[in-house]
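Novice: Next come the chains, spelled out residue by residue.
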Amino acid sequence: MDIFTAEEWQAIFLSLRVSAVATIASLPLGIFIAYILARCRFPGRDLLNAIVHLPLILPPVVTGYLLLITFGRRGPVGSALAEIGIVFSFNWTGAALAAAIMAFPLMVRAIRLSIEMIDQGIEAAASTLGASPLRVFATITLPLALPGIIAGTILAFAKAMGEFGATITFVSSIPGVTQTVPSAIYALLQAPGGEARALRLVGISVMISMGAILVSEILARRLARRMGS
Amino acid sequence: MLQVEVHHRFPGLALDISFEAAGGVTALFGRSGAGKTTVANAVAGLVRPDSGQIALNGRILSAPGIWTPPYRRRIGYVFQNTRLFPHMSVRKNLLYGAADDRHLPRVMDMLGIDHLLARHPQSLSGGEQQRVAIGRALLMNPELLIMDEPLSALDPARKAEILPWLERLRDEAGLPILYVSHSVAEVARLADRVVLIDAGRVARIGTPDLLLSDPALAPRLGPREAGGVLTGQVTEHADDGLTAIETPAGTLHLAADVAVGRTVRLRISAEDIVLSTRYPQGLSALNILPAQIDALHTEGAQMLVHLRLKGEAALVARITTRSASAMGLAENVRVFAILKSVALIHHS
Numbered sequence: 002m003d004i005f006t007a008e009e010w011q012a013i014f015l016s017l018r019v020s021a022v023a024t025i026a027s028l029p030l031g032i033f034i035a036y037i038l039a040r041c042r043f044p045g046r047d048l049l050n051a052i053v054h055l056p057l058i059l060p061p062v063v064t065g066y067l068l069l070i071t072f073g074r075r076g077p078v079g080s081a082l083a084e085i086g087i088v089f090s091f092n093w094t095g096a097a098l099a100a101a102i103m104a105f106p107l108m109v110r111a112i113r114l115s116i117e118m119i120d121q122g123i124e125a126a127a128s129t130l131g132a133s134p135l136r137v138f139a140t141i142t143l144p145l146a147l148p149g150i151i152a153g154t155i156l157a158f159a160k161a162m163g164e165f166g167a168t169i170t171f172v173s174s175i176p177g178v179t180q181t182v183p184s185a186i187y188a189l190l191q192a193p194g195g196e197a198r199a200l201r202l203v204g205i206s207v208m209i210s211m212g213a214i215l216v217s218e219i220l221a222r223r224l225a226r227r228m229g230s
Numbered sequence: 009m010l011q012v013e014v015h016h017r018f019p020g021l022a023l024d025i026s027f028e029a030a031g032g033v034t035a036l037f038g039r040s041g042a043g044k045t046t047v048a049n050a051v052a053g054l055v056r057p058d059s060g061q062i063a064l065n066g067r068i069l070s071a072p073g074i075w076t077p078p079y080r081r082r083i084g085y086v087f088q089n090t091r092l093f094p095h096m097s098v099r100k101n102l103l104y105g106a107a108d109d110r111h112l113p114r115v116m117d118m119l120g121i122d123h124l125l126a127r128h129p130q131s132l133s134g135g136e137q138q139r140v141a142i143g144r145a146l147l148m149n150p151e152l153l154i155m156d157e158p159l160s161a162l163d164p165a166r167k168a169e170i171l172p173w174l175e176r177l178r179d180e181a182g183l184p185i186l187y188v189s190h191s192v193a194e195v196a197r198l199a200d201r202v203v204l205i206d207a208g209r210v211a212r213i214g215t216p217d218l219l220l221s222d223p224a225l226a227p228r229l230g231p232r233e234a235g236g237v238l239t240g241q242v243t244e245h246a247d248d249g250l251t252a253i254e255t256p257a258g259t260l261h262l263a264a265d266v267a268v269g270r271t272v273r274l275r276i277s278a279e280d281i282v283l284s285t286r287y288p289q290g291l292s293a294l295n296i297l298p299a300q301i302d303a304l305h306t307e308g309a310q311m312l313v314h315l316r317l318k319g320e321a322a323l324v325a326r327i328t329t330r331s332a333s334a335m336g337l338a339e340n341v342r343v344f345a346i347l348k349s350v351a352l353i354h355h356s
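As given, the protein sequences belong to chains V and L, one line each in that order.
Each residue of the first sequence is one higher than the one before, starting from 2 at the first, in our numbering.
Each residue of the second sequence is one higher than the one before, starting from 9 at the first, in our numbering.
Worth flagging that the hints you see were computed from the coordinates, not collected in a lab.
In this text the structure is predicted, and so the values were computed from the model without any measurement.
Do not take every clue at face value.
[To be verified] Just so you have them, the derived chain V footprint on chain L, three or more residues with Cβ under 8 Å:
hint, region
1, 73-80
2, 274-285
3, 318-332
[Said to hold, decoys possible] Cβ-Cβ distance ranges computed for the label pairs, FRET-style:
hint, chain 1, residue 1, chain 2, residue 2, range
4, V, Ala51, L, Gly66, 48 to 54 Å
5, L, Arg330, V, Met118, 32 to 38 Å
6, L, Arg17, V, Met118, 28 to 34 Å
7, V, Leu224, L, Arg39, 30 to 36 Å
[Unchecked claim] Sample of chain V residues facing chain L (criterion: CB under 8 Å; computed from the structure):
hint, residue
8, Ile4
9, Thr71
10, Pro144
11, Pro148
We treat Cβ as the ideally placed atom computed from N, Cα and C, and that holds for glycine.
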């Protein structure tokens, strides 16, 4: 327990919590967007695709700033949400929002690819067997896309763990409230003599990311065995 | 009763098909690319035709302003590439469209798949996979079963393994079947009625005997499918193992395990007919029938010779153009057709 200070433990748990919430909360939307990008042809599809990918190419500071002016206390969305008690700015929920948005393109991409790989003939076969579109989605599309959903989730979680630029711009780096592991590392590096402690946080970052990848590998293998291939 | 009228245009092919199918096996027969699968897909609801009307047992499935989605059509579909669900066991595949497992034992028994239930589709052989796919379609209790080239992905041994199951299905399930195929052998063996589709249109509708022996249709059947079908009766089993079969065109001898008195269908491929202007002597071939040349069709270096046999029977032989001119073959010339091989395709 004495490897880390209380403040550093807070940063680690906050990072895990922010990343987990960001990933889990954005997963249903991620599957939905991935599905319509993979399967539906509609006007504005290219625009939707561009918007989803925007956080990947914009400087994170810009994304963070856009979040600040939209979801900040005086922003159009932020002030409306504040009325019903939802506050993003300078709050851990804001860190989760920033992480979710930054990780979203990676999640959607992985899921979309796995949906595109599914033989639509198999879904057609299910529909001739009397399955409604909803049942086809739940019993055929979703299970067959599971490897991509797992990969996208793990990738999004790892990306959320490492999110820094948009987070610090949007919710700053308040110890115990919005200071995630990357923000804590940055803060330590700014102070004289903080390198040794920063290195320990770097170590735990590496361990969490490695752990996430290992878990995804094990899940993928178990899945492959269940599918009998 | 299935009533089909389909008009559909896509790049390179305009489809204008209409036919009716009652009980038994109706074959949609024609070359690859003739539009057979599109018709089957339109019946199943997987393709929405530009116009036309499809009705099954009085229920209009598609017409202008009417569209029943595939999951409400109650039409079973066995695909060429099986399309089993890879993430489900054989049992779950079989029961996917079934209301309950009441009929599972009967279907498993009919298709011989009871030992496969716990396995996954990937671990099955091609023939086993196709039998599971047939079982899956049957267990949804369909009003019509569509089979789109169910054997074409299989090697000859697997085909031979699965054909008896299809015959059993036809004879036992009492279910109307729409059977899409480009194989004369399969159609001759299974179909009660043939709808011949050529370049997006219905060229002919008739019984397999009538259609497959029709010399006028030989060029449309594709290079390896020409030939003919003779129907005959088993008259005798000789001590040396050969069976004599009396056909209108003459008596043929072949090794066949069929009881005396039974009616059989025999298929002779155009490749397996040798022509001779005189009755051949000192030849190992047993089956030689007298014939008269009806017409000749040149196809490059090869030639299709349409033969009229005794008793209104007809056959098509394929020989080289060089032989034809060397032998002086022309219309009305009398020849002897030497049948190198005769295949027993059906007995009922």
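Novice: If a hint holds in the structure, say so; if it doesn't, say that too.
Specialist: So, going through the hints one by one against the coordinates:
1. Counting residues of the region 73-80 of chain L whose CB lies closer than 8 Å to any CB of chain V gives 4, so the stated coverage by that chain holds, three being the minimum.
2. Note: the region 274-285 of chain L has 0 residues with beta-carbon separation from chain V under 8 Å; the three-residue rule is not met and the coverage is violated.
3. Coverage of a stretch by a chain is defined here by at least three residues with a beta carbon nearer than 8 Å to that chain's beta carbons; for the region 318-332 of chain L and chain V the count is 0, and the condition is violated.
4. Separation of Ala51/V from Gly66/L is about 51 Å and conforms to the stated range, judged on CB atoms against 48 to 54 Å.
5. As the Cβ distance of Arg330/L to Met118/V is approximately 53 Å, the hint placing it in 32 to 38 Å is violated.
6. In this structure the hint that Arg17/L and Met118/V lie 28 to 34 Å apart at CB holds, the actual value being about 31 Å.
7. Look at Leu224/V against Arg39/L: about 42 Å separates their beta carbons, and that is not inside 30 to 36 Å.
8. Taken as an interface hint, Ile4/V does not check out: its beta carbon lies about 44 Å from the nearest beta carbon of chain L, beyond 8 Å.
9. Below 8 Å, beta-carbon pairs count as interface contacts, and Thr71/V has none with chain L, the closest being about 41 Å; its hint is therefore violated.
10. A least Cβ separation of about 5 Å between Pro144/V and chain L falls short of the 8 Å threshold, and the interface hint therefore holds.
11. Checking Pro148/V against chain L: minimum C-beta separation of about 10 Å lies over 8 Å; hint violated.
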